[in-house]
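Engineer: One-letter residues, chain by chain:
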Amino acid sequence: MEVFELTLADLRRALRRGDLSAGEATRACLERIARLDPLLHAFLYVAAERALAEAERADRRLRAARRSADDLPPLLGVPMAVKDVLVVEGMPCTAGSKILEGFLPPFTATAVRRLQEAGAIVIGKTNTDEFAMGSSTENSAYGPTRNPWALDRVPGGSSGGSAAAVAARLVPAALGSDTGGSVRQPAAFCGLTGLKPTYGRVSRYGLIAYGSSLDCVGPLARTAEDAALLFALLAGRDPLDSTSADLPLTLPDLEAASTSRPLRGLRIGVPDEYFVAGIQPEVEAGVRAAVEALAGLGAEVCPIRLPHTEYALPVYYILAPAEASANLARYDGIRYGPRLAGASPQEVMARTRGQRFGAEVERRIMLGTYALSRGYYEAYYAQAQKVRTLIRRDFEAAFERVDLIAAPVAPTTAFPLGAHRDDPLSMYLEDIYTLPANLAGVPGLAFPVGFDDQGLPLSMQLMAAPFREDLLLLAAHAYQQVADWHRRAPRLEGGAPQN
Amino acid sequence: MPLSIEEVRHIALLARLELDEEALERYSRQLSSILDHMARLREVDTSGVLPALGPLTAAPLRPDEARPGLSSEALLKNAPEVEAGQFRIPPVFEGE
Numbered sequence: 001m002e003v004f005e006l007t008l009a010d011l012r013r014a015l016r017r018g019d020l021s022a023g024e025a026t027r028a029c030l031e032r033i034a035r036l037d038p039l040l041h042a043f044l045y046v047a048a049e050r051a052l053a054e055a056e057r058a059d060r061r062l063r064a065a066r067r068s069a070d071d072l073p074p075l076l077g078v079p080m081a082v083k084d085v086l087v088v089e090g091m092p093c094t095a096g097s098k099i100l101e102g103f104l105p106p107f108t109a110t111a112v113r114r115l116q117e118a119g120a121i122v123i124g125k126t127n128t129d130e131f132a133m134g135s136s137t138e139n140s141a142y143g144p145t146r147n148p149w150a151l152d153r154v155p156g157g158s159s160g161g162s163a164a165a166v167a168a169r170l171v172p173a174a175l176g177s178d179t180g181g182s183v184r185q186p187a188a189f190c191g192l193t194g195l196k197p198t199y200g201r202v203s204r205y206g207l208i209a210y211g212s213s214l215d216c217v218g219p220l221a222r223t224a225e226d227a228a229l230l231f232a233l234l235a236g237r238d239p240l241d242s243t244s245a246d247l248p249l250t251l252p253d254l255e256a257a258s259t260s261r262p263l264r265g266l267r268i269g270v271p272d273e274y275f276v277a278g279i280q281p282e283v284e285a286g287v288r289a290a291v292e293a294l295a296g297l298g299a300e301v302c303p304i305r306l307p308h309t310e311y312a313l314p315v316y317y318i319l320a321p322a323e324a325s326a327n328l329a330r331y332d333g334i335r336y337g338p339r340l341a342g343a344s345p346q347e348v349m350a351r352t353r354g355q356r357f358g359a360e361v362e363r364r365i366m367l368g369t370y371a372l373s374r375g376y377y378e379a380y381y382a383q384a385q386k387v388r389t390l391i392r393r394d395f396e397a398a399f400e401r402v403d404l405i406a407a408p409v410a411p412t413t414a415f416p417l418g419a420h421r422d423d424p425l426s427m428y429l430e431d432i433y434t435l436p437a438n439l440a441g442v443p444g445l446a447f448p449v450g451f452d453d454q455g456l457p458l459s460m461q462l463m464a465a466p467f468r469e470d471l472l473l474l475a476a477h478a479y480q481q482v483a484d485w486h487r488r489a490p491r492l493e494g495g496a497p498q499n
Numbered sequence: 001m002p003l004s005i006e007e008v009r010h011i012a013l014l015a016r017l018e019l020d021e022e023a024l025e026r027y028s029r030q031l032s033s034i035l036d037h038m039a040r041l042r043e044v045d046t047s048g049v050l051p052a053l054g055p056l057t058a059a060p061l062r063p064d065e066a067r068p069g070l071s072s073e074a075l076l077k078n079a080p081e082v083e084a085g086q087f088r089i090p091p092v093f094e095g096e
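Quick note, the sequences are listed as chains A and B, same order.
Start counting the first sequence at 1; every next residue gets the next number (my numbering).
Start counting the second sequence at 1; every next residue gets the next number (my numbering).
There may be inaccurate statements among the hints.
Restraint ranges, calculated between C-beta atoms of paired labels, are given here [to be verified]:
hint	chain 1	residue 1	chain 2	residue 2	range
1	B	R29	A	E117	44 to 52 Å
2	A	A382	B	S71	39 to 47 Å
3	A	Y377	B	G85	37 to 45 Å
4	B	A66	A	E347	30 to 38 Å
5	A	P248	B	G85	40 to 48 Å
6	B	S71	A	Q355	26 to 34 Å
7	A	T250	B	R88	47 to 55 Å
8	A	E117	B	K77	21 to 29 Å
9	B	H37	A	A34	40 to 48 Å
10	A	E117	B	L14	41 to 49 Å
Bear in mind the hints are in silico, worked out from the structure with no lab data behind them.
Just so you know, even glycine gets a beta-carbon here, dropped at the ideal spot from N, CA and C.
Make the full structure from the sequences, and use the hints.
Structural biologist: Put into structure tokens, the structure is as follows:
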């Protein structure tokens with residue numbers, strides 16, 4: 001087996017056993033990035049020298065501790081990629097925007113620092129829709145990323161660079177961020193397992209803010225086991241993020257997933273509202289078949305109602321832009337990034353912002369500014385916040401009856417590049433199944449459940465009550481013990497994708 | 001509810017975005033169609049419903065103590081123009 005074929009868990013074991021060195025693993029990733037990333041454009045920055053130096057240090061520790069490898073940090077020597085909205089000290093960070101061109105962060109995001117302290121090596125920064133605003137990675141100011149399963153398709157977004165990098169086996173896993181589906185939808189489009197944790201479960205310190213009441217940092221991995229490994233390291237209270245939760249972490253007992261009927265006692269609800277007109281028939285069939293498979297593993301399945309689902313889209317596209325319009329006020333051409341000349345501070349700001357922000361960012365800033373402006377605040381922002389309460393209550397009521405909610409991740413499989421050009425609303429509709437979890441704050445997990453007739457990955461989303469990520473990971477891991485969709489890899493070197 | 005070019009121009013001013021006429025026209029069209037979709041929120045009865053403000057868990061309190069942070073040198077490193085340890089901007093008041 002080639003190095004790049006190893007999952008995160010496999011790679012970790014191989015490093016500890018000494019079957020492989022961190023230097024070899026890192027060089028294998030770098031070599032693959034150099035060869036395949038020109039096709040994909042998953043990376044905005046590759047920290048080759050720094051990664052190799054860190055690998056050398058990791059190898060010294062691995063060699064010294066070979067006989068007591070249990071005491072080593074859990075990810076020592078494992079290369080990973082990080083979405084370019086999480087800052088890493090000394091690594092250029094743009095958030096996919098020209099307004100941050102040349103920005104060199106003076107500190108490191110807590111989520112990244114936790115992985116580094118666990119021994120992981122950040123090999124580079126991955127492409128994203130500008131400021132994480134988008135569902136296809138086409139809104140990156142540095143050009144789109146392509147889907148490894150079909151190069152004329154988008155990888156999803158906004159964490160499309162991370163998804164493409166993991167799916168193409170350039171790195172074993174990557175970090176993304178999810179404000180309205182930006183981890184789960186690219187995971188779905190690229191055949192990966194992607195976790196959006198509960199709001200507040202993972203620190204947002206050092207995550208470039210988009211919608212602060214919605215933003216979550218989460219892993220994109222090839223298996224639920226790998227996602228669980230990363231989640232365990234990422235989660236926890238951080239004094240630097242006042243919204244991070246101070247709650248004990250429940251980790252899934254993945255060993256239990258190999259017993260017979262491991263999901264016995266779990267109740268799974270299937271909401272009618274998530275299977276509506278416009279859904280690609282194969283997407284629905286894939287989800288329904290996967291629900292059957294979970295029932296075969298012992299889960300009980302019943303229909304449920306989430307009556308306010310249809311309002312998630314308008315609520316989200318008022319609240320997220322409103323928060324964005326405030327969060328992005330800091331990009332003023334004064335504190336960081338390039339500056340356009342002007343006669344007054346106002347002119348400097350307006351000119352720099354008008355020239356350096358892309359169209360989708362401008363659109364959302366304008367939408368948010370409008371929703372917060374005098375005369376419209378009550379009708380838009382205040383009403384959206386109230387409907388958000390009703391959406392939260394839908395979930396609270398559902399989770400009194402069931403442990404998990406099964407749904408599609410997106411209405412379609414990966415769409416062609418340019419499919420939603422010039423029609424922003426049609427692009428927003430791609431998010432209808434992922435937005436509710438962000439609005440309610442509940443965790444969601446996407447994982448592969450098959451392929452459509454174009455050979456593109458099909459995916460299912462599970463959602464759970466706040467802070468029950470363990471149930472999501474357990475169910476997906478149990479499924480991955482009886483299914484092998486997650487083991488299939490796109491074939492990038494000649495010929496059609498393989499599945 | 002269509003947004004006029006003048007309304008869009010006003011929003012752009014509030015948002016500190018310098019836009020050309022073509023962009024104003026385009027955003028007037030696009031924002032109008034997006035706001036049309038948002039208008040559906042008005043059909044929801046929210047009487048007596050409180051807005052969903054705040055995270056799921058209350059933030060724990062901490063003592064109000066000064067802590068070391070990033071140095072001003074580190075913070076100024078990314079600024080386009082710096083003078084005497086401060087951000088430099090064009091004059092705010094003319095003729096002084």
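Engineer: For each hint, tell me whether it holds in the structure or not.
Structural biologist: Structure-based check of each hint:
1. B:R29 / A:E117: 44 to 52 Å: Holds, since R29 (chain B) and E117 (chain A) (Cβ atoms, about 50 Å apart) stay within the stated range.
2. A:A382 / B:S71: 39 to 47 Å: 41 Å, holds
3. A:Y377 / B:G85: 37 to 45 Å: 39 Å, holds
4. B:A66 / A:E347: 30 to 38 Å: 37 Å, holds
5. A:P248 / B:G85: 40 to 48 Å: 45 Å, holds
6. B:S71 / A:Q355: 26 to 34 Å: The hint (26 to 34 Å, Cβ to Cβ) holds, given that S71 (chain B) and Q355 (chain A) are roughly 31 Å apart.
7. A:T250 / B:R88: 47 to 55 Å: Distance hint for T250 (chain A), R88 (chain B) holds at roughly 51 Å.
8. A:E117 / B:K77: 21 to 29 Å: Once the Cβ atoms are compared, 25 Å apart, the range 21 to 29 Å for K77 (chain B) and E117 (chain A) holds.
9. B:H37 / A:A34: 40 to 48 Å: Given a distance of about 44 Å, which is inside 40 to 48 Å, the answer is holds.
10. A:E117 / B:L14: 41 to 49 Å: 43 Å, holds
Checked against the numbered hints listed earlier, the structure breaks none of them; every hint is satisfied.
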